[in-house]
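Protein chains: 2
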Amino acid sequence: MSNPLPLGACIGILGGGQLGRMLAVAASRLGLKTHIFEPGANPPAGHVAHQVTTASYEDDAALRRFAQSVDVITYEFENIPTSALDILEQIRPIHPGRRALAISQDRLSEKEFLTGLGLKVAPYANVTTAAEAEAAAQSIGTPSILKTRRMGYDGKGQIRLKDASDMAEAWQAMQGAPSVLEGFINFSHEVSVIAARASDGQVACYDLGENVHREGILHSTTVPASLSAAQRMDAVLLAGQILNALDYVGVMGVELFVTADGLIVNEIAPRVHNSGHWTQNGCDICQFEQHIRAVAGWPLGDGSRHSDIRMENLIGADMDRVPELRKTNAALHLYGKSEVKPGRKMGHVNFRT
Amino acid sequence: MSNPLPLGACIGILGGGQLGRMLAVAASRLGLKTHIFEPGANPPAGHVAHQVTTASYEDDAALRRFAQSVDVITYEFENIPTSALDILEQIRPIHPGRRALAISQDRLSEKEFLTGLGLKVAPYANVTTAAEAEAAAQSIGTPSILKTRRMGYDGKGQIRLKDASDMAEAWQAMQGAPSVLEGFINFSHEVSVIAARASDGQVACYDLGENVHREGILHSTTVPASLSAAQRMDAVLLAGQILNALDYVGVMGVELFVTADGLIVNEIAPRVHNSGHWTQNGCDICQFEQHIRAVAGWPLGDGSRHSDIRMENLIGADMDRVPELRKTNAALHLYGKSEVKPGRKMGHVNFRT
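Going line by line, the protein sequences match chains A and B. Number 201 in full-length UniProt numbering belongs to position 201 of the first sequence; there are no gaps in the numbering. Number 286 in full-length UniProt numbering belongs to position 286 of the second sequence; there are no gaps in the numbering.
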């Protein structure tokens, strides 16, 4: 294990949204400081961080100053420009590492990495030309879903195909962005593993959560998930396999489809994950603290679950529910975003069940 | 109930120590901002607050600017100069209110208030002159303890008398500070109630914790405490009586001696309390969030206990235990203080038991 960061050390966090905010709070609990790098003004994470840099990812001087002011760098989102990472990495270590980032920034690389490990993913085809688009529509069939290889999240950059004849229009809408056509999977439900790996290779997984999406955005996660003992074991083993293959340091979210033929990996995210927010009220050590511990070179904490939880996201106008929710037994977690927008994650709530 | 503060509102906190730090984190969870007022540089609460004012309590202009920048004012310690409160109160509401502060700032007023409610306290005598000191030593007897009426905490400003002949020297050491001589109580153990009252009069108490002190400083709190059902009920009722008598808004710590003749009130603190730190890992809504909810005019949250906890303070050189503690299942809470000093509270740790 690398030397653990001493108390008072500073963790640089790329991205100032709600994940950065909750990471900053977790770091404070461990006596560590945080410095947020975020292009947008008044970032939610800035309210609870020791320092904030407001600058673009193209501002090399700001990136250098940021890196020099911290002891280690992590991030709350995976779509960080490569040029920025190149600068930062010369000055301070970045955890999780570049390979995990590169893989998760590109759906094709991710699928190739996962299948290379012998794990199952949905049928897919690479689409970079109109001809490949048509061929993919034939080989993968329909229903299927065309996704940009890069920069997609929360259902953005995705088009569903009901029939092979939808492909021409869908590919045109992608405006030439390299894409992947994914076949639909006949799955009963989606679960996710929130897994952590320390710098000495120690791995710990939280209990699996069962996810429900609405309009392509996570709506709720319920723990424990409906799974057999064998499925739970499979999930933990495959998460460990992914983390070890990447020599990963930090928390990763692994989304899995549960099918009659076993678990199929939907997506991996090299960061704390919305489907792990239940850990804040279900465990002593939540995913945010676990990530900070790993990134700081500390041993992982005890992520065992003491309570059953149902997490629900508060998205856009769901914030109108807050006055009623605060009268209930629910644990509220609000992100301090000043403006409510449709589809915007504003907070979440953990119900003890 | 007064109108609840809207999301994004700012709570001003007097004092930038660990209690202010944990209050700021709790406020962030509720989508509220915090502004810390603290004379000392680099306050622990400043690392996680939206804004920090570094100024003295004698700086009237700074106090006014602070008050104008926030929506409501609370505090993490009770010894706030009256002159500062006078300025602040003209600009923004202060919760808990002035009466609770005035009473808890003066041991004599506190004892008179409590006995006025019909509650039991240790035998006491007012000491303002050498003659009163000698008379008190005779009437209260020994062993007993001479305490300054104002500004005492963590065992400071206290002198134990083994024999009545110790009084002359003890009184001289007080340098004329108005004091109280307290008789010793034959108690089996000390417990505390962490109680909360909302602005609409709703009262909620956490389960009682059992406290162990070392050298006059809280060492550990264990929940549940060893108490009969009747004692638990007495404790809750007396806490409710105190809160209601003061039309209190916020969290209060009430320390109680458990004796064969019932519960005796040792001390009240009009703020979140060290003996309530266990709630961070024993309850969904911890004392810090409960205090913020009350001060913000929100309904209280669910403070029911889901787990048994033993809280231990990390004082001074106890910080040397951190490398070992972080390998265990304990939940660490460190305060980010840069300098370790003997007797200084540096953090605490919650063990699930």
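No lab work stands behind these hints: they were computed from the structure. Please note: incorrect hints may appear among the correct ones.
What the hints assert, rightly or not - Derived Cβ-Cβ restraints for the label pairs, each shown as a range:
1. B/Ser338 - A/Gln172: 17 to 25 Å
2. B/Val203 - A/Asp261: 54 to 62 Å
3. A/Pro224 - B/Val340: 36 to 44 Å
4. B/Ala41 - A/Glu112: 47 to 55 Å
5. B/Val203 - A/Gln202: 54 to 62 Å
6. B/Glu215 - A/Ser83: 33 to 41 Å
7. B/Ala41 - A/Ser226: 37 to 45 Å
8. B/Arg65 - A/Glu58: 44 to 52 Å
9. B/Gly8 - A/Pro143: 51 to 59 Å
10. A/Thr328 - B/Gly8: 19 to 27 Å
11. B/Arg352 - A/Gln202: 16 to 24 Å
12. B/Phe184 - A/Pro224: 35 to 43 Å
Think of the CB as a built atom: it goes at the ideal place given N, C-alpha and C, for glycine as much as any other residue.
Now the hints, each set against the structure:
Checked against the given bound of 17 to 25 Å, the beta carbons of B/Ser338 and A/Gln172, roughly 59 Å apart, lie outside it. Under the hint 54 to 62 Å, the C-beta atoms of B/Val203 and A/Asp261, about 56 Å apart, fit the expected range. Under the hint 36 to 44 Å, the C-beta atoms of A/Pro224 and B/Val340, about 42 Å apart, fit the expected range. Evaluation of the 47 to 55 Å hint for B/Ala41 and A/Glu112 yields a pass: the beta carbon distance comes to about 53 Å.
Restraint check, B/Val203 to A/Gln202: a C-beta distance of roughly 45 Å breaks the suggested window 54 to 62 Å. Roughly 57 Å separates the CB atoms of B/Glu215 and A/Ser83, a value that falls outside the hinted 33 to 41 Å. Take B/Ala41 and A/Ser226: their Cβ atoms lie about 54 Å apart, and the range 37 to 45 Å is violated. At roughly 37 Å, the beta-carbon separation of B/Arg65 and A/Glu58 lies outside the given 44 to 52 Å, and the hint is violated.
Checked against the hint of 51 to 59 Å, the C-beta distance between B/Gly8 and A/Pro143 comes to roughly 42 Å, which is inconsistent with it. With their beta carbons about 22 Å apart, A/Thr328 and B/Gly8 fall inside the hinted range of 19 to 27 Å. Checked against the hint of 16 to 24 Å, the C-beta distance between B/Arg352 and A/Gln202 comes to roughly 20 Å, which is consistent with it. In this structure the hint that B/Phe184 and A/Pro224 lie 35 to 43 Å apart at CB is violated, the actual value being about 53 Å.
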